[in-house]
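*Asks:* Chains A and B, in that order, give the protein sequences.
Residue 1 is where the first sequence starts when you use this note's numbering, and the numbers rise one by one after that.
Residue 1 is where the second sequence starts when you use this note's numbering, and the numbers rise one by one after that.
Among these hints, one or two may not hold up.
The following label-pair restraints were derived from C-beta to C-beta distances [as the list claims (entries may be wrong)]: (1) B/Q109 with A/K70: 39 to 49 Å; (2) A/Y10 with B/S51: 34 to 44 Å; (3) B/N22 with A/V98: 19 to 29 Å.
Below are the DSS-like pairs computed for lysine-lysine, each with C-alpha atoms no more than 27 Å apart in a straight line [claimed, not checked]: (4) B/K56 with B/K26; (5) B/K99 with A/K55; (6) A/K57 with A/K18; (7) B/K99 with B/K56; (8) B/K99 with B/K70; (9) A/K55 with A/K18; (10) A/K57 with A/K3; (11) A/K57 with B/K56; (12) A/K53 with B/K99; (13) A/K70 with A/K53; (14) A/K3 with B/K70; (15) B/K26 with A/K70; (16) A/K57 with B/K99; (17) B/K99 with A/K71; (18) A/K13 with A/K55.
Residues of chain B clear of chain A, computed beta-carbon distances all greater than 12 Å [as the list claims (entries may be wrong)]: (19) N18; (20) N30; (21) V44; (22) R54; (23) L61; (24) T64; (25) S68; (26) K69; (27) T91.
Derived from the structure by calculation, the hints contain no laboratory data.
Model, not experiment: these values are computed from the prediction.
The beta-carbon is built from N, C-alpha and C at its ideal position, and this holds for glycine as well.
Given next are the chains, with one letter for each unit.
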Amino acid sequence: DVKVTQSSRYLVKRTGEKVFLECVQDMDHENMFWYRQDPGLGLRLIYFSYDVKMKEKGDIPEGYSVSREKKERFSLILESASTNQTSMYLCASSFRGVNTGELFFGEGSRLTVL
Amino acid sequence: SQQGEEDPQALSIQEGENATMNCSYKTSINNLQWYRQNSGRGLVHLILIRSNEREKHSGRLRVTLDTSKKSSSLLITASRAADTASYFCATLNTGTASKLTFGTGTRLQVTL
Numbered sequence: 001d002v003k004v005t006q007s008s009r010y011l012v013k014r015t016g017e018k019v020f021l022e023c024v025q026d027m028d029h030e031n032m033f034w035y036r037q038d039p040g041l042g043l044r045l046i047y048f049s050y051d052v053k054m055k056e057k058g059d060i061p062e063g064y065s066v067s068r069e070k071k072e073r074f075s076l077i078l079e080s081a082s083t084n085q086t087s088m089y090l091c092a093s094s095f096r097g098v099n100t101g102e103l104f105f106g107e108g109s110r111l112t113v114l
Numbered sequence: 001s002q003q004g005e006e007d008p009q010a011l012s013i014q015e016g017e018n019a020t021m022n023c024s025y026k027t028s029i030n031n032l033q034w035y036r037q038n039s040g041r042g043l044v045h046l047i048l049i050r051s052n053e054r055e056k057h058s059g060r061l062r063v064t065l066d067t068s069k070k071s072s073s074l075l076i077t078a079s080r081a082a083d084t085a086s087y088f089c090a091t092l093n094t095g096t097a098s099k100l101t102f103g104t105g106t107r108l109q110v111t112l
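For reference, chain A alone in the conformation it holds in the complex (with noise of 0.2 Å):
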């Protein structure tokens, strides 16, 4: 059974602490996104990776970077977690060699910031 796994499911951080979520994938996919879901705003994309050390931005990266060591593990990080990062993040990933874009999500991270 394919899996994406998120390592937290709910954390509390305060103002300026810095933040990771992790997420690791077992189907060995080549593409890993990161997500933010907000009511009202559906999914935006932050950050997405097509191959272990490389990373492209997607439409709100401001406030986040990411890091691919490994082809199973791309992490989101908040250098300076602020208020406005409250949210639900999603880690999803998907098979490049199909290439329809068919993702596959983990359980999601709901982040709040005080």
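Got chain A sorted already, so can you dock chain B onto it with the hints?
*Replies:* Below, chain B alone, put in the same frame as chain A:
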């Protein structure tokens, strides 16, 4: 940037009725996909329709695509309480390899 707009934003029906959700998009696409999200969970892929297809079925799901109107609809027949969820359309736009653009979603409530 958000491309898909879904209509209605929320839909409440009784079990056994059909549910129809619509999605509009703005640019040329390779395919359009529908995903389902249970409350507080991740999204799950339901069905994909390619730009050269007009209709596709999967179990109780029927998807149509009208590229001339840049719109799609998702029909769930004989709905069940377990169908209660949010439904999102997503497009793979021409020239954007592997990167989907999501709509804002329709929240479906199926009551007994």
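*Asks:* Decide, hint by hint, whether the structure agrees.
*Replies:* Each hint, compared with the structure:
no., hint, verdict
1, B/Q109 with A/K70: 39 to 49 Å, "41 Å, holds"
2, A/Y10 with B/S51: 34 to 44 Å, "39 Å, holds"
3, B/N22 with A/V98: 19 to 29 Å, "27 Å, holds"
4, B/K56 with B/K26, "21 Å, holds"
5, B/K99 with A/K55, "13 Å, holds"
6, A/K57 with A/K18, "20 Å, holds"
7, B/K99 with B/K56, "22 Å, holds"
8, B/K99 with B/K70, "18 Å, holds"
9, A/K55 with A/K18, "20 Å, holds"
10, A/K57 with A/K3, "24 Å, holds"
11, A/K57 with B/K56, "33 Å, violated"
12, A/K53 with B/K99, "18 Å, holds"
13, A/K70 with A/K53, "8 Å, holds"
14, A/K3 with B/K70, "33 Å, violated"
15, B/K26 with A/K70, "36 Å, violated"
16, A/K57 with B/K99, "11 Å, holds"
17, B/K99 with A/K71, "18 Å, holds"
18, A/K13 with A/K55, "26 Å, holds"
19, N18, "24 Å, holds"
20, N30, "8 Å, violated"
21, V44, "7 Å, violated"
22, R54, "18 Å, holds"
23, L61, "15 Å, holds"
24, T64, "18 Å, holds"
25, S68, "22 Å, holds"
26, K69, "21 Å, holds"
27, T91, "9 Å, violated"
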